[in-house]
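Chemist: Residues per chain are reported as follows:
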Amino acid sequence: MPNRTKHDVDHLLPLKPALYLILLALTDGDRHGYSIKKEILNRTDGKVKLGAGTLYRSIRQLVDRELIEESDKRPDPALDDERRNYFRLTRLGRRVAQAETERLAMLVQVARSSRLVG
Amino acid sequence: MKNTAPRFYRRLLLVYPKRFRRKYGNEAIRQLQSDLREARNAGPIRAALGQVVGVADFILAGFSERIASRKAAAKAKRPPRSGMMMISSAAQDLRFAARSFLRQPGFTAVAVLTLALGLGTMTAVFSVVNGVLLRPLPYPDAARLVRVWSEYEEQGWTRSAVSRPDIADIRLLDGVDFVEGFVPNTFTLPADGRSMLVEGSYVSGGLLEGFGLAPAVGRDIRQEENRRSAAPVVVVGHSFWQRRFAGDPDILGTMMQIDEESYEVVGIAPPGFDFPQGSQLWVPHRHPCYGSRGCRNLGAVGRLAPGTELSQAQAALTVLGTSFREQYPGTNGQVSFRYEPLIDVMVGEVRAGLWVLLGAVTLMLLVVCANLANLLLARASARRGEVAVRTALGASRGRLMRQFLVESLVIAGLGCGAGLAAASGLVSGFKTAMAGSFPRVAEVGMDANVILFAVALMGLVAIVFGSSPALHLVGQSVVGGLRGRDGGHAGRREGAARSWLLGAEVALSVVLMVGAGLLMRSLGEMYEVDQGFEHREVLRFTLTLPPGEYGDPESLVSLFQEVEATVDALPGVAAVGSVVGPPLGRQGPSSGNVDVEGRPAPEPSDVTFASVHAATPGYFATLGFQVIRGRGLEREDHVGGTPVAVVSERFARENFSEREVLGQRFQVAVATGFGKTWTAVGVVRDTRSSLTGDLRAQVYVPLVQAISDLRVQQQDLTRALRTLTVHVRGSASGIDLLPVIQRQLEAVDARIMTAGVETVAAAIHRAAGPTRHQLQLMSLFAALAVVLAAVGLYGVVSYLVSQRTREIGIRLVLGARGGEITGMVVRQGIIPAGAGIAAGLAVSLGVGRVLGSLLYEVQHADPLVFGAVALLTLALSAGAILIPARQAVKLDPTVALRLE
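From first to last, the protein sequence lines are chains W and Y.
Using the numbering used here, you'd call the opening residue of the first sequence number 69 and step up by one each time.
Using the numbering used here, you'd call the opening residue of the second sequence number 978 and step up by one each time.
No wet-lab data here; the hints were simulated from the structure.
Backbone N, C-alpha and C define an ideal beta-carbon position, used for all residues, glycine too.
Some hints could be false.
Claimed, not checked - DSS-like mimics (lysine-lysine), calculated; alpha carbons at most 27 Å apart, straight line:
{"hint": "1", "chain 1": "W", "residue 1": "Lys-84", "chain 2": "Y", "residue 2": "Lys-995"}
{"hint": "2", "chain 1": "Y", "residue 1": "Lys-995", "chain 2": "W", "residue 2": "Lys-117"}
{"hint": "3", "chain 1": "W", "residue 1": "Lys-106", "chain 2": "W", "residue 2": "Lys-84"}
{"hint": "4", "chain 1": "Y", "residue 1": "Lys-1000", "chain 2": "W", "residue 2": "Lys-106"}
{"hint": "5", "chain 1": "W", "residue 1": "Lys-84", "chain 2": "W", "residue 2": "Lys-115"}
{"hint": "6", "chain 1": "Y", "residue 1": "Lys-1000", "chain 2": "W", "residue 2": "Lys-84"}
{"hint": "7", "chain 1": "W", "residue 1": "Lys-117", "chain 2": "Y", "residue 2": "Lys-1052"}
{"hint": "8", "chain 1": "W", "residue 1": "Lys-84", "chain 2": "Y", "residue 2": "Lys-1048"}
{"hint": "9", "chain 1": "W", "residue 1": "Lys-84", "chain 2": "Y", "residue 2": "Lys-1052"}
As the list claims (entries may be wrong) - Partial list, computed: chain W residues near chain Y (C-beta under 7 Å):
{"hint": "10", "residue": "Pro-85"}
{"hint": "11", "residue": "Ala-120"}
{"hint": "12", "residue": "Tyr-124"}
{"hint": "13", "residue": "Arg-125"}
With the sequences and hints as input, model every part of the structure.
Modeler: Written out as structure tokens, the structure is:
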């Protein structure tokens, strides 16, 4: 993978919420589509439910932007459904997720100081 | 959607570009399927919504994906080479359509959603029609199955029971392979010290062979097992066997306790067989009067011989009936026999209603189409310039036509997809809501026929609403289009098309509303029928007694006396009384011939009938029966005394006309066996035994006296008392008393259970059920149609205003007053609306005839309904027209003129 500059990262921001959530879902390990959906559902207390179309469209976009990639690694094959594609974060993906988090945190900080939210 | 599902999903996937399909297609489909499965677990409406949202998300993401891939491709490639011709023009059309819809997401969403609504409800209604009416019954050669009825022409009874000897003779006729009799019954089985109720039937012989089926295990009941001396046997239903015995084949040969008797299990019915009416137990019919030709208490089912026409078989049956009338004038003097296809009997009650619903939903779909056509016309005029440019650049008419048709097909396809998802939600909702109260509900589903129907409908709809704007646009003048203004001619034509569409929409919704209105009036009339008794605040229930107890008349009577006394003592209870064969019961009361003492045997045509109801003394007071002459039933009427009876007015009129009734002695031969000679001591007002049925002659006798002879045969006692129903009148709402009553009953005997608890008002509600359901759905369709029509009207008038902004501006500058402008705009909308209302009302004169038997006591041209519908539609139309008309007046002339 060619070296990425800060410019490349900034160029990809801001991320759409669905893309951001998928990146977050992949931070602690490889997952397949259904598991990504579940993880997002869990992390958002059931508030964000990605439809099948949106989910795979987002995955396609992330793969094209090289933020995630298909992983060869498989858990125990006995437990696993072979037909499923697994995805993992790329280094760029991790950096973009971090950058997006910082950007959002900054925005929330501004919002807090304007006493809009606690 | 079971087996067609994968194909349906694969079609959906075609929205996506190839690259995406290849890489993520399978997974995305699996994900979609599991999403939809999850959504289905919610309530019916949320489930349907979940399905629509799921499918819509999938389709929209597909479109976005396609656009994205086009953009990417355009970026990557140099400007297209001449090899572009290789791209098939159909694909081009599709892409073009997708792009133009995405430019106008609002338009697309409205169009797809209204269409999904129309196609979805239509498909749902069709799948009910398909499952209930069109699909054959689930038996081999089901078309040959018939019911056999006795008919009493004098009384107008066309579906009466038959007797065993009649069945035995009919069975020998040419053209019929098999005839057996049955009596549906609720059996009591012991279960953990209490009793369990199981639906079943007494049968004159095994039914399975006649239905072309074989037992799953063991054998069927044999004819000779109906003899009183034969050992009692039972055939058990497959689902009951699975539920209660976990499908254990070893229960064959074991004994089963049913209604106080021991039955040997000899067979298990094949899966799914539950004739009649959900039966799960079949036992031989061994009624004491079964040898008598006059004892008509059996339903009969038969099977015509292969190749025999119903009319041929019927001819033989009619001849038999006629000869029996001479041969056995006493029992068959008024009786003739009739075959009726089994399916007609099962679904006859709902058939008319379902076809009417299908008609109603078709009208609604037409309104949807008209609305869509209007939307597309509006959009078409906005695209006049585009078409002109393309024509000028050399696009052929055919090419343009095809483009428009592809566009409407894409909309129809999306609408159809969403509609199918909605329909599957609606169908499962219908099945849950109607389980048990609608024939063949279990057989309703979205099979290949239904999907085919939906897709064909989609194509039709696309052509219907797509072709009019296409024809219209393609015919326009190129020069006018390029100038961005009407080529006058085309504008007028378009205006006329829209007016026609609007008029039709309004007319169709008027027809639907009149239908709903007539049904609403009928329902009102039904609830208003004087039942002859007071039903408010009356709660009723039957008692399920512990097995092996209260088997003789004395203990039974004393149990009921104790129960009534305990309940009567409760605060809030005004009166208690019990009766066998309550009014508006699930099973009608049994009737028999009346034989007046001292009167010579009547001519066959003069035989009179009456139903006999054994009641406790408090019954009349509880339901507010009015005693007109003599007295009611009293506590003093005991076993040792003279058997007395209180008769209904009609009974008195039919049997004694002018003569004094009181003191007359008579018998009534009913199957329940209350066969004493009764002395009339009183007359009560007539009451109805069904909601809108005829008044029939009724006889009320004291329960104590009625059952005192029944000790000999226990089975007869249980059967006679099957419908012994306790009625409780409360001072407040009857149903609130239930927990208190149940606690008191527990004190009397903890093993007694209440069953069939309902208020009498609820029974009336249930009896009005078919009309009520019809009304609900019809009102829904009518409401949707009228809203769609109003939206259409609003849309068209606003469009007209926007087209004439410049003109209105000029008029305003020239000094036209607001009222004149409003009037001008209103005229444009109100003329088609008014014409639509008038045409709709005219067509509606025929609606009453279509609704036919669903209407009760309502004129087909009910002035109230017609007036109300006319006013309502007029008011809605006026509203829909006035809003844009008033906006026209508020136009700022300077702004209006600066436009263009």
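Chemist: Each hint should be assessed against the structure and marked as holding or not.
Modeler: Comparing the hints with the structure gives:
no., hint, in the structure
1, W:Lys-84 / Y:Lys-995, "holds, 24 Å"
2, Y:Lys-995 / W:Lys-117, "holds, 26 Å"
3, W:Lys-106 / W:Lys-84, "holds, 19 Å"
4, Y:Lys-1000 / W:Lys-106, "holds, 21 Å"
5, W:Lys-84 / W:Lys-115, "holds, 16 Å"
6, Y:Lys-1000 / W:Lys-84, "holds, 22 Å"
7, W:Lys-117 / Y:Lys-1052, "violated, 33 Å"
8, W:Lys-84 / Y:Lys-1048, "holds, 19 Å"
9, W:Lys-84 / Y:Lys-1052, "holds, 22 Å"
10, Pro-85, "violated, 15 Å"
11, Ala-120, "holds, 4 Å"
12, Tyr-124, "holds, 4 Å"
13, Arg-125, "holds, 4 Å"
Violation of the numbered hints given earlier is confined to hints 7, 10; the remaining hints are satisfied by the structure.
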